[in-house]
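Asks: Note that the protein sequences, when read in sequence, are chains U and A. Each residue of the first sequence is one higher than the one before, starting from 1 at the first, in the working numbering. Each residue of the second sequence is one higher than the one before, starting from 1001 at the first, in the working numbering.
Keep in mind the hints are simulated off the structure, nothing from the lab. Some clues are possibly wrong.
To be verified - No more than 30 Å apart at the CA atoms, straight line, and that leaves these computed lysine-lysine pairs for DSSO-like:
id : chain 1 : residue 1 : chain 2 : residue 2
1  : A       : Lys1379   : A       : Lys1124
2  : U       : Lys112    : A       : Lys1379
3  : U       : Lys112    : A       : Lys1203
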Amino acid sequence: MRIEASAVTPPAGSVAVGASSAVDAPARALPAPPRRAVRRRIAWLQAAPLTAVFVVFFLVPLALIAMVSFWRATDYELIPAFTAQSYLDIFAGCGSGDGSCVMLSTYLSTLKFSLLTWAITALLGFAVAYFLAFHVRSTLMQTVLFIVCTVPFWTSNVIRMISWIPLLGRNGLINEALLATGLVQQPQEWLLFSDFSVVLAFVHLYTMFMIVPIFNSMMRIDRSLIEAARDNGATPWQTVLHVIAPLSKTGLLIGSIFVIALVMGDFVTVGVMGGQQIASVGKVIQVQANVLQFPAAAANAIGLLAVVLLMIVALTRLVDLRKEL
Amino acid sequence: MNDDRQETPQPAEGTLPRRSLLKAAGVAAAGLAGFPYVQAQEKITLRYLGTAVNQDKKIAERFEADTGIKIQYVAVTTDDVTKRAVTAPNSFDLIDTEYFSLRKIIPTGNLLGIDTKRIKNADKITTLFTKGEVGGKKVGDQGTAPKKVMYLEKPDAKSFASAPTQYMTLIPTVYNADTLGIRPDLIKRPIESWKELLNPEFKGKAAILNIPSIGIMDAAMVVESMGLYKYPDKGNMTKKEIDLTIKALIDAKKAGQFRALWKDFNESVNLMAAGEVVIQSMWSPAVTAVRTKGIDCVFQPLKEGYRAWAAGFGVPKTLSGKKADAAYEFINWFLDGWAGAYLNRQGYYSAVLETAKAKMEAYEWAYWMEGKPATADIKSPNGDLLAKAGASRDGGSYETRMGGIACWNALMDENVYMVQKWNEFVAA
Chain U
1 MRIEASAVTP PAGSVAVGAS SAVDAPARAL PAPPRRAVRR RIAWLQAAPL TAVFVVFFLV
61 PLALIAMVSF WRATDYELIP AFTAQSYLDI FAGCGSGDGS CVMLSTYLST LKFSLLTWAI
121 TALLGFAVAY FLAFHVRSTL MQTVLFIVCT VPFWTSNVIR MISWIPLLGR NGLINEALLA
181 TGLVQQPQEW LLFSDFSVVL AFVHLYTMFM IVPIFNSMMR IDRSLIEAAR DNGATPWQTV
241 LHVIAPLSKT GLLIGSIFVI ALVMGDFVTV GVMGGQQIAS VGKVIQVQAN VLQFPAAAAN
301 AIGLLAVVLL MIVALTRLVD LRKEL
Chain A
1001 MNDDRQETPQ PAEGTLPRRS LLKAAGVAAA GLAGFPYVQA QEKITLRYLG TAVNQDKKIA
1061 ERFEADTGIK IQYVAVTTDD VTKRAVTAPN SFDLIDTEYF SLRKIIPTGN LLGIDTKRIK
1121 NADKITTLFT KGEVGGKKVG DQGTAPKKVM YLEKPDAKSF ASAPTQYMTL IPTVYNADTL
1181 GIRPDLIKRP IESWKELLNP EFKGKAAILN IPSIGIMDAA MVVESMGLYK YPDKGNMTKK
1241 EIDLTIKALI DAKKAGQFRA LWKDFNESVN LMAAGEVVIQ SMWSPAVTAV RTKGIDCVFQ
1301 PLKEGYRAWA AGFGVPKTLS GKKADAAYEF INWFLDGWAG AYLNRQGYYS AVLETAKAKM
1361 EAYEWAYWME GKPATADIKS PNGDLLAKAG ASRDGGSYET RMGGIACWNA LMDENVYMVQ
1421 KWNEFVAA
């Protein structure tokens, strides 16, 4: 899920850029500008390939998922039907108070992880981007430090996560150091296979998705504004708070969309870092699809999509992305 | 982790441009290596769908050397093998799946019964599969025991035959009996019963398998050994029995009994080798893997018996012509001894013992199958030292071990409910 999301987005953007430059090119090449209707038709034609790709690879599958979510299933077959049972099952057991309200609490726990991760990566990402944009003077040094930021991405996701075990484990480096310094008497078990380790891994994985867009926004800030702030007697903190932060909010928003979408859809990190003992919606969908309960999996996929879309809508309400870009 | 592997690229049937592209690539590669074009074109490739544990490179290499037929492994997780068999029967030419999955696969009609008249050693397949007996004695058949799902009345039947017929659903490849794995160096006392998995003594140091169909059986063994409940059939629980079993697990989880749950073979190896866990559900090759790291790990036989599993080859309905012949050739070759001996040396058991014995050294056979102390160092097929001379195998001989089967991995009638409850346990 993560890989798809990050892989799909850049090409979509680059196609759009290519298309718009393609619009300019023929217009310039033609001796006389074509009539309006013709030009409009050409514009539609130019948009058609991307539209077709979206329809075939995005809208149709999504419609199929929505359709299947209303079907029924046995162990080995899907039965076309129209029942909201799969959706009702999300709320099954809620209100009874005996702790069987599993799906809803799974949604809440996934939400908790994405908010925690979002808050921490936003702070860290802002700090790192600020350092890169305003404290590092030479472009060469900026490039070098940027590459350093990508080092965690040089190994596979799974390897990166597994390598936490020798670090945080019962006999891991941190515990050995703590025991050796006498700070603790017993190995600390909450370091691994806990909420802590899940959030730690998420932060480690996704801070980069915050740094890049925030850095990009910061680089576009007119430096004379900062001088003006200083001339008007603003302290460095005031400059950050009242000048830089508001002007970086597009970057912050784009980063937030990345991080929230990635964490909400995750089913690998929570599994590995939580010792498979912490549920996430993505994991539940995977389990349901694996045991061929496609309607239930589809209903949860639609539910998850709705939650993520709502969050993104809420975020774009705060910042008008189109205007800012 | 295996989930990454499921993206193994493979030519999809019917996508012509891609196929011809692949063919062109193949020709180019063959041309570079200096092979004539004709040979490259005639070569048959069998797409072998299964879990990575059973897909040994050396077996494919040896088969290709013997017959010229190429094996292309498609490695996915246990659940995904079933999923593909049900949803994408054109994506493989040979399936290696567990017997309990058959209760999902056979009703779809996607597999064709294997004609035993075309399998040379069919009548030599061990009685564990055909009659549910080891050494003439009946073994436990709770759960999806192979004999219950072994035969079909007609090749295209969608339900199982109650008595042996000419058509087999799967030809067994490997099988074994699983139990708990322990770290004797960290536990420092004998472990004799399944109930130790939930013993508070190992709080925060236990793990259980997170594949519902298998994990629930381990849990049932524990519940029964703790004296909480005696199941009429562990392999086919009622909703009430499922509730009770999951409740025992949830209570233990809330008390902090489990350090982790695991789903992938390598995870279980890591947990055990790192000392995060000292007692857990385990698979025999995982125990071997921990041991090859020089760490003491025992696949502990327990007094309540073993949870057995078995996998076998099946042929999809869509297979015909030369490819079908090649699939039969592979199955026949597999039962012919070399592969059997290879698997026996890894600690599994093979379907036809007689042919495998002929390809093993006498001291190897004595160690692996007769439970006798090794008279020479025992090595894995890769040459790693597994046991020094004088050691004997956990669980003893084939007959003691397989004779001690208490239940089989199972697909219950209430499977949907069970998976839902299992998710509750994971989320608790």
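Asks: Compare the structure with each hint and give your call.
Replies: A quick look at each hint next to the structure:
1. At roughly 27 Å between alpha-carbon atoms, lysine 1379 (chain A) and lysine 1124 (chain A) fall within 30 Å of each other, so this suggested pair holds.
2. Restraint check for lysine 112 (chain U) and lysine 1379 (chain A): the C-alpha separation of about 50 Å exceeds 30 Å, so the hint is violated.
3. For a cut-off of 30 Å, the pair hint linking lysine 112 (chain U) to lysine 1203 (chain A) stands: about 27 Å separates their Cα positions.
Hint check: a violation occurs at hint 2 only; the rest are consistent with the structure.
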